[in-house]
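Since the structure of chain A is already known, use the hints to place chain B on it.
Chains as they are written, first to last, in the numbering used here: chain A, 1 to 159; chain B, 1 to 164.
Only true hints are included.
Below 20 Å or equal to it, Euclidean Cα-Cα: the simulated EDC-like pairs (lysine to aspartate or glutamate) are:
| # | chain 1 | residue 1 | chain 2 | residue 2 |
| --- | --- | --- | --- | --- |
| 1 | B | Lys123 | A | Glu152 |
| 2 | B | Lys123 | A | Asp158 |
| 3 | B | Lys123 | B | Asp22 |
| 4 | B | Lys123 | A | Asp31 |
| 5 | B | Lys123 | B | Asp21 |
| 6 | B | Lys123 | B | Glu38 |
| 7 | A | Lys141 | B | Glu38 |
| 8 | B | Lys123 | A | Glu148 |
| 9 | A | Lys141 | B | Asp33 |
| 10 | B | Lys123 | B | Asp33 |
| 11 | B | Lys123 | A | Glu142 |
| 12 | A | Lys141 | B | Asp128 |
| 13 | B | Lys123 | A | Asp136 |
These are computed hints drawn from the structure, not numbers from a lab.
Keep in mind the model is a prediction, meaning the values are calculated, not measured.
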Amino acid sequence: MALIDRLPPTARRVELHTDTALNRSIQERSDAEVVRLEGASADQITRRLRQLDEEWDIERWLQTNAPILVLLGVTLGATVHRRFLLLPAAVFSFFAQHALQGWCPPIPVFRRLGVRTQREIERERYALKALRGDFDAVPRKEAAPVSERVREALRAVDR
Amino acid sequence: MEQRSDRIRRHTAREVLRRIDDSTTANLAHWADQPPQEIQQRLQALDREWDTDRVLEVEAASMGLLGLALGAFYRPRFLALPAFVAAAVLTHALTGRYPLMPIFRRLGLRTAKEIARERYALKALRGDFAGMARSSEAAATASAIGRTEPGRPEPDDPARPELH
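Isolated chain A, as found in the complex:
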């Protein structure tokens, strides 16, 4: 347990291993999108939310990229020379490092291309939902019993 506690938080581990300037430019781009849609119609915001549904986060890119290299390395290792097995060994090791620590060699490349973490995507999503007024119906603390407030909050996030 103690060891797990020392690992970086799941949702932030990639940001923590990305260059600060890159993080900032990714965030600025997300923020600009939210600002652009401030005052837009609900339909326009809904359209953007559908795009966010489709957006590939950085985990998905890695989970596509790594297996392809592994399959290539294993094939070459089995048919040409054993030393090609070093490729899948390196890929799997970096894959584990990415999972545990949040960094692996393709991460800087993906980040430079603007690939976002799921956390960054969700941040834009819920900011847009707030703009659309999805949270307006959530009652204030004293205004309703907790069960009703939870129900309204969930209805708002699911809208």
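This is chain B only, laid out in the frame that chain A set:
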């Protein structure tokens, strides 16, 4: 909860989905009325929570390395294991199906989107988005009478919740 966009949810059994969503609801009911510091700690705990992707990546990497070691030093036929693992991870990335995912999900592992859902519902319950309706009205009014530049967010614009 809908979230059709979550490809892992699409391939999770309905009764397992219900159990996962029920526990989210119960968490929210428990945390909604806690003092602010407690809620802040809960939000941080949600950032730490291991999601399906992180567990899958650790599991796949371990299985793959094991298979490679066996294949390289014991019997070449064990190379089928890393090849299978790679094919499974690729399938997961493209379709959301993964052989071990039903087990992970039954153990209660949530997707990043499911965790974010609890996170933002809790922020809403804390009142982070309160003032939104009012402020957009105010912004609309203000820009209508030309007092502020339209589209310019206020410094503490609640539409831009801080990273924490």
